[in-house]
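Q: Produce the entire structure from the sequences given, and follow the hints as far as they go.
Residue numbers (the numbering used here), protein chains in the order written: chain A, 3 to 451; chain B, 9 to 136.
A couple of the hints might just be wrong.
Straight-line alpha carbon distances no greater than 20 Å define the calculated SDA-like cross-link-like pairs of lysine to any residue that follow [as the list claims (entries may be wrong)]: (1) B:K27 <-> A:A40; (2) A:K217 <-> A:N302; (3) B:K127 <-> A:C75.
A few chain B positions that, by computed beta-carbon distances, are all more than 12 Å from chain A [unchecked claim]: (4) M22; (5) A98; (6) P123.
Simulated from the structure, these hints should not be mistaken for lab results. No residue lacks a Cβ here, since even glycine has one placed at the ideal position from N, Cα and C.
So the chains spell out like this:
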Amino acid sequence: MSKPVVLCCGLTEKASQAVAPLLAGCEIRMLDENGLVALVEAPLDPTPALILCGEMLRDPGPLEAAQLLRSQCREGSIYFVIDGLPTADRRHYIKNGYTDAFSVRLDQRLMRTAVAEAVGTALGVRAFRPVRLLEMEPGQTLPFDTALYLPGNQKYIRLSAAGDPLDADRAARLKEHGVRSLHVPLDQIREYNAHTASRLQVFAGMGRPGQPSEKLQGAVRALLTSVLTELDREGTFPEGRASLNQATEIVKTFLRPPGSSSSVYERILMLSDEGANAYCHSSNVATIAALIALGTGAANPDHMALAGLLHDVGLAHGDEDLEARDPASLSLQERVRLFQHVPDSLEIIRKRKILLPTEAARAVADHHERHDGSGYPDSKVGPKVSLEGQILGIADTLDRATAEIPGRTRVSIKDWIRGQRQGALGGGGPKAFEPGFLKKCLALFPKDE
Amino acid sequence: MIDLNVPVLVVDDMTTMRKIVMKACREIGFTQISEAADGVLAWEAISNAASPFGLIISDWNMPNCTGLDLLKRVRADSRFGRTPFVMVTAETESKQVGDAIAAGVSQYILKPFQPGALKDKLALIAPK
Numbered sequence: 003m004s005k006p007v008v009l010c011c012g013l014t015e016k017a018s019q020a021v022a023p024l025l026a027g028c029e030i031r032m033l034d035e036n037g038l039v040a041l042v043e044a045p046l047d048p049t050p051a052l053i054l055c056g057e058m059l060r061d062p063g064p065l066e067a068a069q070l071l072r073s074q075c076r077e078g079s080i081y082f083v084i085d086g087l088p089t090a091d092r093r094h095y096i097k098n099g100y101t102d103a104f105s106v107r108l109d110q111r112l113m114r115t116a117v118a119e120a121v122g123t124a125l126g127v128r129a130f131r132p133v134r135l136l137e138m139e140p141g142q143t144l145p146f147d148t149a150l151y152l153p154g155n156q157k158y159i160r161l162s163a164a165g166d167p168l169d170a171d172r173a174a175r176l177k178e179h180g181v182r183s184l185h186v187p188l189d190q191i192r193e194y195n196a197h198t199a200s201r202l203q204v205f206a207g208m209g210r211p212g213q214p215s216e217k218l219q220g221a222v223r224a225l226l227t228s229v230l231t232e233l234d235r236e237g238t239f240p241e242g243r244a245s246l247n248q249a250t251e252i253v254k255t256f257l258r259p260p261g262s263s264s265s266v267y268e269r270i271l272m273l274s275d276e277g278a279n280a281y282c283h284s285s286n287v288a289t290i291a292a293l294i295a296l297g298t299g300a301a302n303p304d305h306m307a308l309a310g311l312l313h314d315v316g317l318a319h320g321d322e323d324l325e326a327r328d329p330a331s332l333s334l335q336e337r338v339r340l341f342q343h344v345p346d347s348l349e350i351i352r353k354r355k356i357l358l359p360t361e362a363a364r365a366v367a368d369h370h371e372r373h374d375g376s377g378y379p380d381s382k383v384g385p386k387v388s389l390e391g392q393i394l395g396i397a398d399t400l401d402r403a404t405a406e407i408p409g410r411t412r413v414s415i416k417d418w419i420r421g422q423r424q425g426a427l428g429g430g431g432p433k434a435f436e437p438g439f440l441k442k443c444l445a446l447f448p449k450d451e
Numbered sequence: 009m010i011d012l013n014v015p016v017l018v019v020d021d022m023t024t025m026r027k028i029v030m031k032a033c034r035e036i037g038f039t040q041i042s043e044a045a046d047g048v049l050a051w052e053a054i055s056n057a058a059s060p061f062g063l064i065i066s067d068w069n070m071p072n073c074t075g076l077d078l079l080k081r082v083r084a085d086s087r088f089g090r091t092p093f094v095m096v097t098a099e100t101e102s103k104q105v106g107d108a109i110a111a112g113v114s115q116y117i118l119k120p121f122q123p124g125a126l127k128d129k130l131a132l133i134a135p136k
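A: See below:
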């Protein structure tokens, strides 16, 4: 069997050194700029298992190279690997044809996983993803294999096979293992997502309207904990990002099980994810808001997911960073634009004839209103701020405060939760959210240790 | 489908992208293919052409004059009001797609694209 080919073009020495150990067993071919241009006339042959491009590309530049390579290699993995900090948003690289973009300094772990997955697939070696299993009962069968990762010798050992009924001992052993040690093969990750969503369906059926069962609350807490804990681990933010994407898939399957007709939510999610597995604020907010709605029983998760996807459509193109900035640093004009995005969002939704349930429209309208009257656009106070608006507000605040934004120090999830807990329980100070409701929501988040 | 004998103008500031689009045009069967590196040069070529272009394929993001500005100029001139204009771009924002439609774009192709995609889109354009 011939070795899988990895094509490298324009990588810096440092980037080459970082990827070299991951390419064992592959034939590495270097392609210079002339070679790239020649691809216009002579397509890639054989199709490489992986293409790695770097910042040394000048003519064609990195984006032009991505467009050229992608036109020749529709499905393959093409990664942009740079030494330092990215000069553009990751989505910009993805939009131009890269599968993903990594900074050797920031995204070491994510890059290793992605490259190992591409190389592993080409070599016929199975790649794995870390997961968390929701509560299981003896006798239950899992439609996917599970494996334990042994960091000492960097190996996976199988714990259970797809279709095996779980005896009490094995169910207990699986329960013991958290997201960092339990893994599912990459080729069975859809089965894992569908299984997790179906467990949520079962738990959701156990409660009463407005009163979720303890099992459901526990399951939501487990999912949020696995996502948020991963997001918070030092140096592993990208893994958390992947974990959040995973949670989005689970929520999507929960809201619309396979075979059912597609919803507005699903269609919008598909649009927002088009061509990229991108880190996306709207889909993160949709996922977190749907999970909070599910775990508290305070709103319909479907409507909250929809509201999450649409809540910022009123932000004009290029204005997205206004929300991320310190309000005190905004000019009067910028403040007006920021305040206007809420009514603008609702107007766009109305004009596009999207049938938004009242609950979801209320959430969009109120997501920047605050319990103490400090919000906008209408400075609503106390009970005038809807529960839906508060759920969306909590999800929005969490994702924005903890996002990685160049030039700003990211708040850790732990600090964000601690700050919110103090706000909810402490007396005196301003309260962004109704304390009793916020406390209920925070009960779904990882415990402060 | 557009008549394959009409002159075609390919506009893109990226040399390799122009080459890719021109190659796709040749594969489709067009024989008279010209190129321009930005919107200003393209407008010069369009307005001074002895034989008017029967198809313009333009990138969106270009220095000096964007693809959208070029489209607006072309549509504002009664001589080229009905010339098929295809926008090739990486921009997927619905607002931008909407702007291009409002300005009178004939078809919209997302970059990076496969050569077959151009042929499929051109098949949807009614002959003048």
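Q: Each hint should be assessed against the structure and marked as holding or not.
A: So, going through the hints one by one against the coordinates:
1. B:K27 <-> A:A40: Within the cut-off at roughly 10 Å; holds.
2. A:K217 <-> A:N302: holds (18 Å)
3. B:K127 <-> A:C75: Answer holds: B:K127 to A:C75 is near 18 Å, not above 20 Å.
4. M22: violated (5 Å)
5. A98: violated (5 Å)
6. P123: violated (7 Å)
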